[in-house]
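S.K.: Sequence:
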Amino acid sequence: GGVVVGEGGVDFGSLAKYPLATLAEVGIIAALFKGLDVLGGAVGGLPAVFVPPLFAFLSLRSRVFSLLSAKRPPRGGFEDAGKRVATPADTKRPSWTPPGKFFPIIWLSITALRSISAFIVWNAAGRTLCSAPLLALVAHLCVGDTWNSITNVERRLGVSSLGVFFVLGSVFNAIYQFACVKPLAGIILAPSAVWLSIATVLTWSIWSLNGKQSLLPRKDGKAGTLQIPIFGSLMASK
Numbered sequence: 023g024g025v026v027v028g029e030g031g032v033d034f035g036s037l038a039k040y041p042l043a044t045l046a047e048v049g050i051i052a053a054l055f056k057g058l059d060v061l062g063g064a065v066g067g068l069p070a071v072f073v074p075p076l077f078a079f080l081s082l083r084s085r086v087f088s089l090l091s092a093k094r095p096p097r098g099g100f101e102d103a104g105k106r107v108a109t110p111a112d113t114k115r116p117s118w119t120p121p122g123k124f125f126p127i128i129w130l131s132i133t134a135l136r137s138i139s140a141f142i143v144w145n146a147a148g149r150t151l152c153s154a155p156l157l158a159l160v161a162h163l164c165v166g167d168t169w170n171s172i173t174n175v176e177r178r179l180g181v182s183s184l185g186v187f188f189v190l191g192s193v194f195n196a197i198y199q200f201a202c203v204k205p206l207a208g209i210i211l212a213p214s215a216v217w218l219s220i221a222t223v224l225t226w227s228i229w230s231l232n233g234k235q236s237l238l239p240r241k242d243g244k245a246g247t248l249q250i251p252i253f254g255s256l257m258a259s260k
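When you line the sequence shown up against the working numbering, it's residues 23 to 260, in that order.
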């Protein structure tokens with residue numbers, strides 16, 4: 023069957039909201055990086071031991087800086103007939119979908135690779151956080167946060183299927199930027215692109231199995247609201 027258009031016209035507000043919220047999140051983290059660079063310069067340099075944990079935190083919790091609610095699925099996956107699965111119980115998924123319990127392992131491994139590769143780039147590029155290569159990784163994380171909001175909060179499977187290409191493209195850009203500074207850093211970050219390529223196929227398979235929702239956001243009442251960065255995330259976690 024073809025794509026289901028859905029009720030209501032195109033939600034142009036959401037179409038504008040997604041890129042603007044992403045850019046705002048990048049800007050907030052870039053300002054944080056600049057502040058840390060200035061602070062580090064005042065005390066003789068940012069301690070190297072601080073950098074890997076910083077990027078580990080951003081890899082796991084960059085969404086606290088997002089203007090959108092970007093909560094992840096439950097740890098270990100969703101409950102379905104006594105098993106942990108990658109999607110809600112009412113969502114059809116292909117038979118080859120990895121079990122939900124594997125996803126935390128995958129993402130923790132990717133977090134470690136991001137932290138190591140970012141440290142290599144930071145060390146090789148003048149020990150500056152607010153640099154183009156590291157901001158490329160930040161942009162990838164922020165695009166991922168927006169995609170998570172679309173997928174897990176708004177549950178817009180069609181928009182998610184288009185958005186996942188931005189997630190995939192942004193990780194390839196980060197890998198390229200890292201490799202230009204230090205080839206080893208690009209190699210270390212590369213497995214994340216492999217996983218996101220698989221995730222892209224999975225996202226489109228789920229979209230196809232669940233009614234092929236509109237690829238553009240519709241005025242269907244699913245649109246999420248904006249939140250104050252950091253404060254909004256803290257309130258949502260209570």
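Simulated from the structure, these hints should not be mistaken for laboratory data. Computed from a prediction, not measured in an experiment: that's the story for all the values here. Take the hints with a grain of salt, since some may be wrong.
Listed next, the in silico DSS-like pairs over lysine-lysine satisfying Cα-Cα at most 30 Å (straight line) [to be verified]:
#1 56 to 204
#2 114 to 93
#3 56 to 114
#4 234 to 93
#5 244 to 39
#6 39 to 114
#7 114 to 204
#8 39 to 56
Cβ pair distances, simulated, as ranges [claimed, not checked]:
#9 250 to 64: 35 to 45 Å
#10 69 to 31: 50 to 60 Å
#11 243 to 64: 45 to 55 Å
#12 53 to 217: 36 to 46 Å
#13 116 to 209: 25 to 35 Å
#14 69 to 126: 27 to 37 Å
#15 243 to 202: 22 to 32 Å
#16 64 to 121: 44 to 54 Å
#17 53 to 212: 36 to 46 Å
#18 148 to 45: 18 to 28 Å
#19 213 to 118: 16 to 26 Å
#20 65 to 177: 21 to 31 Å
#21 187 to 42: 13 to 23 Å
#22 42 to 241: 38 to 48 Å
C-beta atoms are modelled at their ideal positions from N, C-alpha and C, and glycine is treated no differently.
S.K.: Could you run down the list of hints and mark each one as holding or not?
M.R.: Hint check:
Our distance criterion of 30 Å between C-alpha atoms is met by residue 56 and residue 204, whose separation comes to about 22 Å. A C-alpha spacing of about 21 Å is found between residue 114 and residue 93, which places the hinted pair at or below 30 Å, so the restraint holds. The hinted pair formed by residue 56 and residue 114 fails the criterion: a straight-line CA distance of about 44 Å is larger than 30 Å. Restraint check for residue 234 and residue 93: satisfied, since their Cα atoms lie roughly 23 Å apart, inside the 30 Å limit.
Straight-line distance between C-alpha atoms of residue 244 and residue 39 comes to about 13 Å, which keeps the hinted pair within the 30 Å bound. Proposed proximity of residue 39 and residue 114 is supported: the alpha carbons are some 28 Å apart, at most 30 Å. The hinted pair formed by residue 114 and residue 204 fails the criterion: a straight-line CA distance of about 42 Å is larger than 30 Å. With a C-alpha separation of about 25 Å, the suggested pairing of residue 39 with residue 56 holds against the 30 Å cut-off.
Taking the beta carbon of each, residue 250 and residue 64 are about 29 Å apart, not inside 35 to 45 Å as hinted. The hint said 50 to 60 Å for the Cβ distance between residue 69 and residue 31, and at roughly 53 Å that hint holds. About 50 Å separates the C-beta atoms of residue 243 and residue 64, a value consistent with the hinted range of 45 to 55 Å. In this structure, residue 53 and residue 217 break the distance hint of 36 to 46 Å, their C-beta atoms being roughly 30 Å apart.
For the hinted restraint 25 to 35 Å between residue 116 and residue 209, the CB-CB distance of approximately 30 Å keeps it satisfied. Range check, residue 69 to residue 126: Cβ separation about 29 Å, and the 27 to 37 Å hint holds. Judged by the Cβ atoms, the range 22 to 32 Å given for residue 243 and residue 202 is violated: they are separated by roughly 45 Å. In this structure the supplied range 44 to 54 Å holds for residue 64 paired with residue 121, their Cβ-Cβ distance being about 49 Å.
About 29 Å separates the C-beta atoms of residue 53 and residue 212, a value inconsistent with the hinted range of 36 to 46 Å. At roughly 25 Å, the beta carbons of residue 148 and residue 45 sit within the given window of 18 to 28 Å. The hint said 16 to 26 Å for the Cβ distance between residue 213 and residue 118, and at roughly 19 Å that hint holds. Between residue 65 and residue 177 the CB atoms are about 46 Å apart, so this pair departs from the stated range of 21 to 31 Å.
In this structure the hint that residue 187 and residue 42 lie 13 to 23 Å apart at CB holds, the actual value being about 19 Å. Separated by about 18 Å at the C-beta atoms, residue 42 and residue 241 break the suggested range of 38 to 48 Å.
Checked against the numbered hints given earlier, the structure breaks hints 3, 7, 9, 12, 15, 17, 20 and 22 and satisfies all the rest.
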